[in-house]
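Peer 1: Letter by letter, the chains look like this.
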Amino acid sequence: MNDSPVAVEQHGPEHLHHFVDAEQQRDAASLGMWLFLATEIMFFGGMFLAYLVYRSWYYNEFAAGSRSLDIYLGTINTAVLICSSLTVALGVRAAQMGNRKLLVILLLLTIAFGFAFLAIKGVEWYQKYEEHHIPGRTFNADDLVRDYPQIHIDQRPEQIYFSLYFAMTGLHALHMIIGVGIFVFLTYHAWKGRYGPKYYTPVEIGGLYWHFVDIVWIYLFPLLYLIDRKPLR
Amino acid sequence: MSEHVMSSKMYYTIWIALLCLTVITAAVSFVDLGRFNTVVALVIATFKALLVVLFFMHVKYTSERLTKIVIVAAIFWLFLLLALSMADYGTRHLI
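One line per chain: the protein sequences are A and B, in this order.
One point on numbering: in this note's numbering, the residue at position 49 of the first sequence is 108, and numbering is uninterrupted.
One point on numbering: in this note's numbering, the residue at position 36 of the second sequence is 1472, and numbering is uninterrupted.
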């Protein structure tokens, strides 16, 4: 065992030796995650800024593009993500209570909601592919020009709307895929019984990441789907 | 982060509130409010984000003041990015 002449206290993963106590270790992990999320806010912030600038320049094209999205699938996906955030929050609680079985079930539910979101997103992207709304050589917005004769629509700025749509939802979907990966990792360790009332930091900070990705979607949903639904004049 | 364990009833309440706000924001978008459609949509989104941050992300019960400073600073940076850039792009046509 420990033959060192200096007495070294042995702790579990909840208190590594370079921290004063378990609480300081938990606070440090949480703070680190929030600092990462601050950089993520700036990462997505650049895209939101691009959206803001182009929307102020090409108002009509953004209105038409927004209307062409499927609002029902968008709303269902928002609800799916909110449900996944609930299962994450309840999962952290299950870990705090030391309920291993419930924790594993809730983590698996979160992963299922994550896949459901990505599947619905995939259906929406495929619709856009069939409508020739993916920017590039095959892009064609004649259907939008025909559907909305009240407003003047240019084909080139219309591509900018869909470029931003695919860049923003794509980047968000990438974060979802990474999130599912994190939760597969968490589920494995939860199943092994590594998390409990004394040590649940990975569940907590993994949950912070998941909630953040949810918040990004909470803003993407109105900006991409809802902004220009009102009757055209 | 504190060891505060929230009741599951509280989580379900927040969940219901978030779902209701989602339906409301989708329904309101069909009503013609003029320029205020965007404002209403963003206000509801911000309220939803606030619920997630405060309750699901436990910021309301966190003991760490440093964490709160990081969050406020992050939002302030985002505000600087958006406000200063729009002060440029939004006023170019005036020159």
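Heads up, a few of these hints could be off.
Here's a subset of chain B near chain A, in silico, CB distances under 10 Å, partners left out [as the list claims (entries may be wrong)]:
| hint | residue |
| --- | --- |
| 1 | S1444 |
| 2 | V1459 |
| 3 | A1462 |
| 4 | T1482 |
| 5 | A1485 |
| 6 | M1493 |
| 7 | H1494 |
| 8 | V1495 |
| 9 | Y1497 |
| 10 | E1500 |
| 11 | L1502 |
| 12 | A1509 |
| 13 | A1510 |
| 14 | L1517 |
| 15 | L1530 |
| 16 | I1531 |
Derived from the structure by calculation, the hints contain no laboratory data.
By construction, the Cβ of each residue, glycine as well, lies at the ideal position given by its N, Cα and C atoms.
Peer 1: A separate judgement is required for each hint: does it hold in the structure or not?
Peer 2: Results of checking the hints against the structure:
1. S1444: Since the shortest Cβ distance to chain A is 6 Å, the answer is holds.
2. V1459: holds (7 Å)
3. A1462: Holds - the Cβ of B/A1462 comes within 10 Å of chain A, reaching about 5 Å at its closest.
4. T1482: holds (8 Å)
5. A1485: Since the shortest Cβ distance to chain A is 5 Å, the answer is holds.
6. M1493: Holds, because the Cβ-Cβ distance from B/M1493 to chain A comes to roughly 5 Å (cut-off 10 Å).
7. H1494: holds (8 Å)
8. V1495: holds (9 Å)
9. Y1497: For B/Y1497, the interface hint is violated, since the closest Cβ of chain A sits about 12 Å away, which is over 10 Å.
10. E1500: Interface hint status for B/E1500: holds (5 Å vs cutoff 10 Å).
11. L1502: holds (6 Å)
12. A1509: holds (7 Å)
13. A1510: Holds, because the Cβ-Cβ distance from B/A1510 to chain A comes to roughly 4 Å (cut-off 10 Å).
14. L1517: At about 5 Å, which falls below the 10 Å cut-off, the nearest Cβ of chain A leaves the hint on B/L1517 intact, so it holds.
15. L1530: Where the cut-off is 10 Å and the nearest Cβ of chain A is about 13 Å from B/L1530, the hint is violated.
16. I1531: With a closest approach of 16 Å, the B/I1531 hint is violated.
Of the numbered hints given earlier, the model fails hints 9, 15 and 16; all others are met.
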